[in-house]
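2 protein chains.
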Amino acid sequence: MEKGVAESAPSSKKSNANSKNAKKKEVKKETGLGLSNKKDENFGEWYSEVVVSGEMIEYYDISGCYILRPWTMSIWETMQAFFDAEIKKMKIKNCYFPLFVSPGVLQREKDHIEGFAPEVAWVTKSGDTDLDVHIAIRPTSETVMYPYYSKWIRGHRDLPLKLNQWCNVVRWEFSHPTPFIRSREFLWQEGHTAFATKEEADEEVLQILELYRRIYEEFLAIPVVKGKKSELEKFAGGLYTTSVEAFIPNTGRGIQGATSHCLGQNFAKMFEINFENEKGEKGMVWQNSWAYSTRTIGVMVMVHGDDKGLVMPPKVSSIQVIVIPVPFKDADTKGIFDACSETVKTLSEAGFRVEDDLRENYSPGWKYSHWEMKGVPLRIEIGPKDLANKQVRVVRRDNSAKVDIPVSNLVEQVKEILSKIQDSLFEAAKEKRDKCIEKVKTWDEFMTALSDKKMILAPWCDEEEVEKDVKARTKGEAGAAKTLCTPFDQPELPEGTLCFASGKPAKKWTYWGRSY
Amino acid sequence: MEKGVAESAPSSKKSNANSKNAKKKEVKKETGLGLSNKKDENFGEWYSEVVVSGEMIEYYDISGCYILRPWTMSIWETMQAFFDAEIKKMKIKNCYFPLFVSPGVLQREKDHIEGFAPEVAWVTKSGDTDLDVHIAIRPTSETVMYPYYSKWIRGHRDLPLKLNQWCNVVRWEFSHPTPFIRSREFLWQEGHTAFATKEEADEEVLQILELYRRIYEEFLAIPVVKGKKSELEKFAGGLYTTSVEAFIPNTGRGIQGATSHCLGQNFAKMFEINFENEKGEKGMVWQNSWAYSTRTIGVMVMVHGDDKGLVMPPKVSSIQVIVIPVPFKDADTKGIFDACSETVKTLSEAGFRVEDDLRENYSPGWKYSHWEMKGVPLRIEIGPKDLANKQVRVVRRDNSAKVDIPVSNLVEQVKEILSKIQDSLFEAAKEKRDKCIEKVKTWDEFMTALSDKKMILAPWCDEEEVEKDVKARTKGEAGAAKTLCTPFDQPELPEGTLCFASGKPAKKWTYWGRSY
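Chain order of the listed sequences is E and X.
Numbering of the first sequence is given in the working numbering, commencing with residue 1 and proceeding in unit increments.
Numbering of the second sequence is given in the working numbering, commencing with residue 1001 and proceeding in unit increments.
Take the hints with a grain of salt, since some may be wrong.
[What the hints assert, rightly or not] Simulated crosslink set (DSS-like; lysine-lysine; CA at most 25 Å straight-line):
| # | chain 1 | residue 1 | chain 2 | residue 2 |
| --- | --- | --- | --- | --- |
| 1 | X | K1345 | E | K93 |
| 2 | X | K1125 | E | K315 |
| 3 | X | K1088 | E | K345 |
| 4 | E | K315 | X | K1091 |
| 5 | E | K315 | X | K1151 |
| 6 | X | K1308 | E | K151 |
| 7 | X | K1089 | E | K162 |
| 8 | X | K1315 | E | K91 |
| 9 | E | K88 | X | K1315 |
| 10 | E | K329 | E | K279 |
| 11 | X | K1345 | E | K91 |
| 12 | X | K1088 | E | K110 |
| 13 | X | K1089 | E | K345 |
| 14 | E | K89 | X | K1345 |
| 15 | X | K1125 | E | K125 |
| 16 | X | K1315 | E | K93 |
| 17 | E | K308 | X | K1308 |
| 18 | E | K345 | X | K1093 |
| 19 | E | K125 | X | K1110 |
| 20 | X | K1315 | E | K315 |
| 21 | X | K1091 | E | K345 |
| 22 | X | K1151 | E | K88 |
| 23 | X | K1308 | E | K89 |
| 24 | E | K345 | X | K1162 |
It is worth saying that the hints were derived from the structure and are not from the lab.
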């Protein structure tokens, strides 16, 4: 395309815009294009701004609740289609349990409810009538579901029981609501499975965790660490918790990406989920629960977004390619527009998610900014020169690289470039994340790394008291440090290595840091 | 298959079952096979029993809330896949708005809130803390969404705005909760669209209504009448309501299947949803909202179910074909089991939803009953004779018709039979429904038809006071009669025809009856 055209005035029909500048200013004012915060300077403000300007989120009049706009929902649906198909292959079936829980059931499992009680929202009235019994809104559905597992599971033939639901849950947190990351209502899937043996449960925990890794790494292009949570950080009432952990370099915080819990037999005991095995012996089931939520989308924004707005990985972007006509004075405007439509048709038929932006009242430059703000991975510009040369100009969102592609080779090259974008988003994120990882051995090194916003890998004695102690000693405005996870992929731990915090013999390498 | 084999004892491993009868009884007791209520004798009890025994619903410990089991969810997902794809073709986009509404917003539209106020559930506490402002749970999302429509819509370029969401809503009704049909929480989609002109809104109302008709008629095999609701029965705060109306012959009640509302400009006025048109003139948007819910599934159960259990239309059945081995004494059991697996493989590869039931501890007869209870459209039995003759025996759920099919022709014939089942379920339902339709002209005829549980088509003056009067005059234990809809497909109305209720000149033919 012609250089300079992008900055020309919009071909606006507005009658009160007389000069180029007046027109541009007006557009700018009207639409609020461009971010006023920079990612590296003011991350929190930048994040709030980019999710709104990128049209993912609208703030709502109830604090901690957010409107998920179509640009968000299409990402959610893409991940959902993948995950839902995968769990169906595993013979996990979808169901839907009620939003409401009665207090008696909610409080059955003591450790569990202690973890959630302060955040539970209570319905006490309908219309003008006070309810006799207050009713809780599910913060998660273990206690909603398990009384019925007890009813449905009688013999070994009823096992395994593997259910999942896609739903909303409510946790009325009062600390720092943040779109996607910490909201009072969010969308998720929650899987709840019961097995005859611990081995089956253990195996499924890791199968699901692998799906979560794929969601982050293959779809959202975000590197994650698979590992096990500490006793202090595991799911309230469960046996052990595995997770995928991401990291936000800008804030130096870890973020729990998704969790797959083995609940052991604790809930089975509380809810009396027993079965009779082949030999007529009584047994208690082994249970798992696992979930990922719309939080995934927030991590994606934080990791990939830049000062021009969102950066969407092609695999999850609602629009992968946006085609923009760049007319110029007396050039063949109709020809250009037709070429745009033709390009959309070709790519669309080849299976890409592609749209054109033929609106006449916005300048190409305005459109570039608009679609950059929304993070569309690839922009195709078609101007008079492109038309003449039977080519299109292609611009990558992630690194602004430009290349001219002959129309004859459009599909192949777009495919290749989108695939490259997906890969290099992941590589770039991994490089950044890896730079943040610091291996330490002593408390001093730990404290230095913490103030340097690192994701800290340290040898640990694996004692709960020591983690509590680290928390207490690192308390401060930015929040205390805690364990993120003990990675499955363990570096060598030489004989005699000591715990960075307690000086006792270390048992494992564990990631530590501040977290969301 | 061999006659008699079906009634043989289960090859049970239970050690305490000594005689055939003892075994059979035990199985019966354990699993509760067979319905204790008959559809024609005790419809209400039959319905409650069939949704539970068919494993669609589990009753929950909070009244009016139900667990939707996988057998239900797969129907919902099938309809959702169809509808979601259709509305995406119409460029309607999915979004997700919060579950919660603040009271100020909820009460903005007076007529609307009057319709819903008594049923609104209120959250007043989180943890032990009383909330300063009570928060409502959405009974529907007009008031949740439209303040943001006002924000997002500025000029004609922002129109049309077409959003949909799949979500749960809560209506805390106290009258006769019924699974699917009237529950305190239910799943639905709700579409909310805004247009520059009434013409566009009118057009969309009917496009959506046609999709609802297709869900009922093409998927659930239930005949519906498309029409317009009376002023008294239209959506609170809207301009006019269209609906698809089904009818339950057993109870003689109409049931509103789904509604597509034109809201006119009433909400636009209340929520100030204005825009500037091409000429710079101010305008107010025209809005629609439309929804269908899990109620659809209840109607399906009521219309097709019989004394053996559910009857599932093939298009929505999670399992379309169940394959059951019928071993016999010294017959080649392995050969039979292999033939079953092979049949599943063949049909599965041809795109059918098919499973086998190879469980060794249940008799063929028990399995027949089990899958009949769940309503699986087609059963394939494979016994020694079938094996020898390279055939399978096929049994239809809807009419018990049996036919032997050569294995060589399996796919074609199964396809044809499933298609026939889908059609004849619809035809049978239509025939039954049509028999219930009675055209009346006078009050006496009307009252007779009403007590005969008819769906009554009557000439009406279309006055709200007259409908109120009919309601008052027909009040009773079974509930008052009201208008169901004025069908778009109008019979001829001869000049001079009088209203059946008021004796004034009739303006149209309208369906009346008792309803859910």
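Structure-inconsistent hints, enumerated in ascending order: Of the numbered hints given earlier, those the structure breaks are 2, 5, 7, 10, 12, 17, 20, 22 and 23, listed in rising order.
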